[in-house]
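Can you build the whole structure from these sequences, using the hints too?
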Amino acid sequence: MVTPLTEPTASASAPCRVLGLRERKKQRTRDALVDAAHSLFLSQGYARTTVDEIAGAVDVSQRTFFRYFANKEEVALAVMADAEDFFIDCLRARPAGENPLEAMRAAITEAWRTLGDVQGTGPGSVTAALELFELIETTPTLLAAHLRHTTEQEATVASVIAEREGLDPAVDLRPRLLAAVFGAVVRLSHLSWTSDPTAHRAGPDGMIELIERHFDQLGPALAGSWR
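The sequence shown begins at 1 in full-length UniProt numbering and counts up by one.
By construction, these hints were calculated from the structure, which means they are not laboratory data.
Some hints here could point you the wrong way.
Once the Cα atoms are required to be at most 25 Å apart in a straight line, the calculated SDA-like pairs of lysine to any residue come out as [as the list claims (entries may be wrong)]: (1) Lys72 with Arg28; (2) Lys26 with Arg67; (3) Lys26 with Phe69; (4) Lys25 with Ser61; (5) Lys26 with Leu40; (6) Lys72 with Thr29; (7) Lys72 with Tyr46.
Label pairs and their in silico Cβ distance ranges [unchecked claim]: (8) Glu209 with Gly166: 32 to 38 Å; (9) Arg148 with Ser192: 19 to 25 Å; (10) Gly45 with Gly224: 40 to 46 Å; (11) Leu222 with Arg148: 25 to 31 Å.
The beta carbon of each residue, even a glycine, is placed where N, CA and C say it ideally should be.
Printed below as a string of structure tokens:
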């Protein structure tokens with residue numbers, strides 16, 4: 001999620017770090033680039049949009065754009081990358097007594113509810129994130145980049161789970177296996193959302209309902225009888 005002027009921590013009880021003037025200006029420029037890119041991608045397509053157009057829409061140079069993003073793919077996926085980073089923060093903050101699956105399920109729900117609290121259609125809003133799902137799925141270049149990033153995130157999730165449980169992920173395969181299964185459930189929820197008009201209209205609540213429904217089916221799918 002895009003960082004606001006006061007940067008939230010994963011724990012609601014923890015104090016917020018107030019950003020300085022320079023950091024706020026940088027954050028506003030980054031947000032403006034993400035918002036401009038998002039609007040251009042949706043209006044004229046990802047392939048037809050250039051870095052120069054994105055920079056020009058914010059009245060900054062191409063050089064300034066590259067201070068924030070390595071390429072067009074990175075700015076396109078910035079909303080999702082920020083949301084995924086926030087999910088990791090939520091996961092790290094979950095109570096130690098929760099089992100790994102409970103912690104991941106609670107963390108992804110918390111992340112989506114927080115995303116839903118951001119108003120409007122800007123880069124940190126739920127509208128932007130949900131629109132991005134459809135853009136990714138219909139753009140092969142973005143889909144490939146997103147899947148690469150998802151693989152990297154799975155490794156991070158496995159590392160966090162292994163640390164919580166006091167395990168060595170190089171020896172014990174459970175953290176990596178669970179992270180992969182979790183990632184598949186979340187991706188299937190996203191795909192279900194794109195084809196479910198009711199979930200569309202419900203916004204973040206619709207996405208959370210789909211995620212919860214998929215998790216409820218996880219146990220029977222893996223271990224129960226299908227007949």
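Here is how each hint holds up against the structure:
Straight-line distance between C-alpha atoms of lysine 72 and arginine 28 comes to about 18 Å, which keeps the hinted pair within the 25 Å bound. Taking the CA atoms of lysine 26 and arginine 67, the gap is near 10 Å; set against the 25 Å cutoff, the hint holds. Proposed proximity of lysine 26 and phenylalanine 69 is supported: the alpha carbons are some 13 Å apart, at most 25 Å. Distance hint between lysine 25 and serine 61 is fulfilled; the C-alpha atoms sit about 16 Å from each other, no more than 25 Å.
The suggested pairing of lysine 26 with leucine 40 holds, with an alpha-carbon distance near 21 Å, which does not exceed 25 Å. With a C-alpha separation of about 16 Å, the suggested pairing of lysine 72 with threonine 29 holds against the 25 Å cut-off. A hinted pair counts as satisfied when its Cα atoms are at most 25 Å apart, and lysine 72 with tyrosine 46 qualifies at roughly 9 Å. Distance hint check for glutamate 209 and glycine 166: the Cβ-Cβ separation is about 34 Å, which falls inside the suggested range of 32 to 38 Å.
For arginine 148 and serine 192, the Cβ-Cβ distance of about 22 Å falls inside the hinted range of 19 to 25 Å, so the restraint holds. For glycine 45 paired with glycine 224, a C-beta distance near 44 Å keeps the hint of 40 to 46 Å intact. Hint check: leucine 222 to arginine 148, Cβ distance near 26 Å, so the stated range 25 to 31 Å holds.
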